[in-house]
Amino acid sequence: MLVNYLKISLRNLRKHKLFSLTNIIGLSIGVLCCLLIMMYVQHEMSYEEWNPKAERIVRPYGDINFGGNLMRMAVTGAIIAPESAEVIPEIEDWCRIRDYGSFLVREENTNQVNIQVEDVLSVDSSFFNLFPLPMVEGDPQRCLQEPNTLVISEDLANKLFGGTKSVVGKNLLLSDRDSWTITGIYKDIPRNTHFKADILRSLNGNEEIANSPPFWAANNNFHSYLLLREGTDFQKFQKKFETLAREKVSITARTLLGMSLEDFEKTGQHARYLVQQMKDIHLKSNLQVELEANGDIRYIWIFSFVALFVLMIACINFMNLTTAKSVQRTKEIAVRKVLGSKRKQLINQFLSEAMVMTFLAFVLAFLIAWIIKPSYLHITGVALNLPWSDPLFLLIIIGSVILVGLMAGSYPAFFLSAYKPLDIIRGSATGGKASRDQSLRNILVVFQFTVATALIIGSFVIYQQLQFMQHKKLGFKQEQILVVDNTYTLGNNIESFKKEILQDPMVKSVSISSYLPIPSSRSNSTYSKGRELREDLAINMAEWRVDYDYANTYDLKLKEGRFFDEAYGQDSNAVVLNEAAIRILGFEQPIGMKIYGAHDVQGKPTPDDYKEYTIIGVLQDFHYESLRQEIGALGMFLGRSTGKVSVAFQSESTDRIISQLENIWQKMAPKQPFSYRFVDETFGKMYEAEKRVGTITLIFATLAILVSCLGLFGLSTFVVEQRSKEIGIRKVLGASVSNIVALLSRQFLILVGLGIIIAIPLTWYFISGWLENFAYRISIRWTVLLVAAILSLLIAFFTVGSQSLKAAIRNPVKALRSE
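The sequence shown lines up with residues 302 to 1120 when you count with the working numbering.
Treat the hints as calculated values from the structure; they're not laboratory data.
It cannot be assumed that every hint is accurate.
[Said to hold, decoys possible] The calculated label-pair distances, taken between Cβ atoms and stated as ranges, are: (1) F496 to W1083: 41 to 49 Å; (2) Q1048 to S676: 48 to 56 Å; (3) L693 to E408: 43 to 51 Å; (4) N459 to E387: 35 to 43 Å; (5) E563 to E387: 19 to 27 Å; (6) A1043 to F606: 34 to 42 Å; (7) S952 to Q1048: 52 to 60 Å; (8) F715 to F496: 35 to 43 Å; (9) P692 to R1047: 17 to 25 Å; (10) E393 to N459: 33 to 41 Å; (11) E387 to F496: 24 to 32 Å; (12) S826 to E387: 39 to 47 Å; (13) E387 to Q967: 47 to 55 Å.
Cβ coordinates follow ideal geometry from the N, Cα and C atoms, glycine included.
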């Protein structure tokens, strides 16, 4: 019997090819959308799940507003973790992580060529107690206890030594300076964690920790982690930690500022230390100086709702079209009943047909997913690996097929099968319910185009914001500037390297500096307008060491004064500030004014500890951070730095410049890899998350429109078939083709228009909230809303109009022949 049902189902699919194809493709697109987003969301939500202790790990972070600079930082002082563990008994263990950036690495006492290792972290010996990575070689409890020891990832071991055997005990040179002994090899860190590392170095003996001032609100360079004891209530621990933090910050305020914390807060400033659960870092942490770029829980919700809506639209269309088509099969039902078919058999037949179409739609969706795996990885950064071995996943898929099939086939199966053959032949069986069915279909069309229009508007706004960020004038030159990294390996040859580069006539300028005008981990320091640290005199600002050619290389504009110049000879005690710093300091005539800095001082600085700097120039503000943030205070100081060499060159000579630089590099540092990047490309990488959101939103907006149009196409086809005799009569009575098209299209366009009217205010509200994340943003223009509305209407019109036109030009004799 089941085989017979399947045969009849397949026969009906072939008989109604257009209807079947529309239904299967529409549903498969909805299933595909839901599947793709589900895999992305599952990956984002799985962060830290590999760590069995993740639920018990928390991370302190700083929320500081001081000296005109608001900082919410993932980093804290070196003493916060150990001092917290001494006072709060709920803390079982703790660990600090210090990110020192990338290093050139090779085996000591060999001719091995250096390789670039991007992710090098320094950690406490307790690291593996909190992050229990599987070890290939070595004892995780002892491998980081001694100074100058490190452990490496399995991947790095394979790159350096071709395997993991006999690696422990060998020495590595980091940047050709320090020798470190390998004491272990760990399995590669899973992708779904908030940090990456190919080398973990011991913090034991670290000079930065040894020289850290004994204050919580100082030397914020360490990511600190606290492991709580089993059964600890996070909310209660949070209160304890915040109480302790307030006590410690009060000591800092009294010692360094000579005032109580309460008086400090009355000035509108604050210094707070809070804690967050580690499992919330990836999606719910919006802090500065993260170890890796985080996700955003809001995007997860947006994508989840988009997937749900597209799937709902597809399922609704599927049920809608199945129900509408079933009305045309009432005479078939009457004939079957007259020939002896029982109601149970009719129910099984209709459900079988719905199940077959649903199954085929799911198969098509999975086939497309397999085809687009490489594109999906490129767009989302997530591998599309469907968990076929997971019983729960299989259960969900099978359950979905059954559920959608039952819902789509329920109306014809349970309602039409109940009609009496005589009522069907007379035409009275479906008339009473037709108007209610039509009202429901109208509501569903409105819902579909509300979602589709909202996605179109959202895509437009995200695209415009990205274009704004990528093309906004940042106040410095990005194009045709190449940066050579790791130039500290040149040592005393760095000036010779610069001079030789300048011999090329295509090179405009070369600068050696510690920082580039692009987002990165930076050094912030506190300066004062006087030889004392007071809240009304202090300024906390970014501190860059640059050379004489920095401003010229990046085409920085001076508002007043001058930049560093060898002709003056006294610029070692000079400073160039940006406009933001001058506004905080309140100087009306800044040139010649003094600021003072006291660094590397234990305890409160005395007047003699302060070094005096004279302001010689004021730079026009330029964006050296993401446009999500306002421009902060910045001070440039003349000083020797060997970190990065920036080369400004003429646009037509890119390939030649790269080749020339590599030749010079190989001559001066033959054993070191030549590494370079372009400033504009580096700056553009800041907005990868927004680009990904924009691309995904655009793709699913397109799919939502496509699914909606397939539904509209099917419904309009159904309506045209229902009204074929009416159209024939109207044509006989003199109606023109345009009259017929307008008649048939008007109803659907009104529904689409209603969906647009609902979508516009809803989208405006939500997209305005998204734009609030950016300090510099576009305003939503009415033209965007108008274009989205017109686009939706045009798509709907062409979808419905094609069927209407087909009906309008048909010979009326064919429609009236049966009368």
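Comparing the hints with the structure gives:
For F496 paired with W1083, a C-beta distance near 45 Å keeps the hint of 41 to 49 Å intact. A hinted range of 48 to 56 Å for the beta carbons of Q1048 and S676 is inconsistent with their spacing of about 38 Å. At about 47 Å, the CB distance of L693 to E408 agrees with the hint of 43 to 51 Å. Take N459 and E387: their Cβ atoms lie about 41 Å apart, and the range 35 to 43 Å holds.
Against the hinted window of 19 to 27 Å, the Cβ-Cβ separation of E563 and E387 comes to about 26 Å, which satisfies the hint. Hint check: A1043 to F606, Cβ distance near 36 Å, so the stated range 34 to 42 Å holds. Distance hint check for S952 and Q1048: the Cβ-Cβ separation is about 57 Å, which falls inside the suggested range of 52 to 60 Å. Checked against the hint of 35 to 43 Å, the C-beta distance between F715 and F496 comes to roughly 56 Å, which is inconsistent with it.
Hint check: P692 to R1047, Cβ distance near 51 Å, so the stated range 17 to 25 Å is violated. Between E393 and N459 the beta carbon distance is about 35 Å. The supplied range of 33 to 41 Å therefore holds. The hinted window of 24 to 32 Å between E387 and F496 holds, with their beta carbons roughly 26 Å apart. For S826 and E387, the hinted distance range of 39 to 47 Å is not satisfied, since their beta carbons lie about 29 Å from each other.
For E387 and Q967, the hinted distance range of 47 to 55 Å is satisfied, since their beta carbons lie about 53 Å from each other.
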